[in-house]
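Enquirer: Residues per chain are reported as follows:
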Amino acid sequence: MSTVEPLTIAVLELDWAKVADEIVAALKRIVGQDLRRRGAVVALSGGVDSSLTAALCVRAFGPDRTLALLLPELDSAERTPSLSRAVAEALGLEPIEQDITPLLAAAGCYEKRDEAVRELIPELGEGWRWKIALPSVVGTDSYRLFSLVAQGPDGRTVEARLPAKNYLAVVAATNFKQRVRKMIEYYHADRLNYAVVGTPNRLEYDQGFFVKGGDGAADVKPIAHLYKTQVYRLAKYLGLPDTVLEQHPTTDTYSLAQTQEEFFFSLPLAKLDLCLYAHNHGLPPEAVSGAAALNVEDVERVFRDIEQKRRATRYLHLPPVLVEPVPELP
Amino acid sequence: MPKAWYRVRHRFPRDRTCDSRYSGIFTAANPRLESQSVEGELRSFLAENFLLGEEFRGLPGSASLIEAGIIDSTGVLELVGWLEETYGVRISDAELVPENLDSIDNIVHFMSKKQNSGPK
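Sequences listed follow chains R and S, in order. The first sequence begins at 2 in my numbering and counts up one residue at a time. The second sequence begins at 597 in my numbering and counts up one residue at a time.
It is worth saying that the hints were derived from the structure and are not from the lab. A few of these clues could be false.
Claimed, not checked - 25 Å max Cα-Cα, derived DMTMM-like pairs, lysine to aspartate or glutamate:
no., chain 1, residue 1, chain 2, residue 2
1, R, K310, S, E695
2, R, K113, S, E637
3, R, K166, S, E663
4, R, K213, S, E674
5, R, K272, R, E262
6, R, K166, S, E674
7, R, K19, S, E635
8, R, K29, R, D220
9, R, K166, S, D668
10, R, K237, R, E247
11, R, K166, S, E644
12, R, K213, R, E325
13, R, K213, R, E247
14, R, K166, S, E680
15, R, K166, S, E637
16, R, K166, R, E116
17, R, K166, S, E681
18, R, K272, S, D668
19, R, K272, S, E635
20, R, K310, S, E674
21, R, K29, R, D16
Model the full assembly from the supplied sequences, consistent with the hints where possible.
Expert: As structure tokens, then:
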């Protein structure tokens, strides 16, 4: 009987000084030579991904050629602006802050979204907070359908399964947030002749956790090859504030606090990192079971979920598809 | 909204399980008619909603709809909603498993079981 070499968290450890140098050199080459832009625009969310991206841009272009944007809206967590400001200050950046709530309201984002939600929970109104949730991938082969979780002003919680029509209506309306932010990022990029730098980590990029034409749009994505664990490690190496490193990843999109795990990934991100690494390297479930603290059946479920998400979000990665090739263009 | 959606809903309104006009269709007295009817409507629904009206010829009833790339996670949501609306059943979280929903055969069998177990 052959034995399987167990994976450990050490596989995600890298020479962080070297990683930082390589990304900085790549950013300089891509932005300066390939894109012919003079600097970088980065929108800070208060999370570790955008903070690390900004830190790398500052190393590549200096604080004078790195523009940080703070773009909060009605449902942003109260501490999002202060977290983002702390990062900007630590990096020597003077951010531009714009509350995008009026733009979103004018587009009908909140109104259309609330209409779709009230069809399910008619009493939802002033003082209510809510979010969309997805059950865990662990322990069951059940299909996982989105539900709406709402909390009334009295603390009472209501949960309802989201029909497809309402789910799509809510997602379409809230996607305005990422798209409006990107519109403003490109406004400043055009104004300054800078490149827009995207902030996805490997989990988000691989699994399609982004809005097409929203946070998915960028000129360069310098940390898209790093697992989330590696993002934290590199951010720590670069000396980013502890307040950012201690943040639990959220969507910062719905009024009730919502982790990325419960909205999309269905597994703690450190475990998903290990499973994705194992799956990418063709390792069997037994190899990662111990390090991820999951039984073999659950790792198999995670592997299937990874493939399913790749299939479902393939279209997000595609550029506009031409009916006939235009061979004159690369 | 695709035409087939209206057509199916018109023929099998939501309160059908309480309506004696439809009681003969899904009884065990004629299981062949029942499964053929569900399968035909299901294939129409899948074709209209997930293949833009293109028919999927030759898809075996046992093929996984997810593995075949016909439906994704949003598609499952739509499928469950359609089954509930069309056949007047309530599908619980515990029933949201591949054995019930991952292929045309499984869905037909599942709907037959739901119908025979009475109104929900």
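Enquirer: Compare the structure with each hint and give your call.
Expert: So, going through the hints one by one against the coordinates:
Distance restraint check for R/K310 and S/E695: the Cα-Cα separation of roughly 20 Å lies within the 25 Å cut-off, and the hinted pair is therefore satisfied. Distance check on the hinted pair: R/K113 and S/E637 sit about 32 Å apart at the alpha-carbon level, beyond 25 Å; violated. For the suggested pair R/K166 and S/E663, the alpha carbons sit about 23 Å apart, so the restraint of at most 25 Å is met. Proposed proximity of R/K213 and S/E674 is supported: the alpha carbons are some 22 Å apart, at most 25 Å.
Restraint check for R/K272 and R/E262: the C-alpha separation of about 11 Å stays at or below 25 Å, so the hint holds. Proposed proximity of R/K166 and S/E674 is supported: the alpha carbons are some 8 Å apart, at most 25 Å. The suggested pairing of R/K19 with S/E635 is violated, with an alpha-carbon distance near 59 Å, which exceeds 25 Å. About 13 Å separates the Cα atoms of R/K29 and R/D220, which keeps this hinted pair within 25 Å; it holds.
Annotation: proposed proximity of R/K166 to S/D668 holds, straight-line Cα distance about 15 Å (limit 25 Å). Taking the CA atoms of R/K237 and R/E247, the gap is about 10 Å. The hint holds against a cut of 25 Å. Taking the CA atoms of R/K166 and S/E644, the gap is about 16 Å. The hint holds against a cut of 25 Å. For the hint linking R/K213 to R/E325, the alpha-carbon distance of about 23 Å falls within 25 Å, and the restraint holds.
This hinted pair does not check out: R/K213 and R/E247 have alpha carbons roughly 28 Å apart, beyond 25 Å. With a C-alpha separation of about 14 Å, the suggested pairing of R/K166 with S/E680 holds against the 25 Å cut-off. Between R/K166 and S/E637 the CA atoms are separated by roughly 20 Å; this keeps the pair inside 25 Å, and the hint holds. Taken as a hint, the R/K166 and R/E116 pair is honoured in the structure, with Cα atoms around 12 Å apart against an allowance of 25 Å.
This hinted pair checks out: R/K166 and S/E681 have alpha carbons roughly 13 Å apart, not beyond 25 Å. Our distance criterion of 25 Å between C-alpha atoms is met by R/K272 and S/D668, whose separation comes to about 24 Å. For the hint linking R/K272 to S/E635, the alpha-carbon distance of about 40 Å lies beyond 25 Å, and the restraint is violated. Pair hint R/K310 plus S/E674 holds up; C-alpha atoms about 17 Å apart against a cutoff of 25 Å.
Taking the CA atoms of R/K29 and R/D16, the gap is near 20 Å; set against the 25 Å cutoff, the hint holds.
Of the numbered hints given earlier, the model fails hints 2, 7, 13, 19; all others are met.
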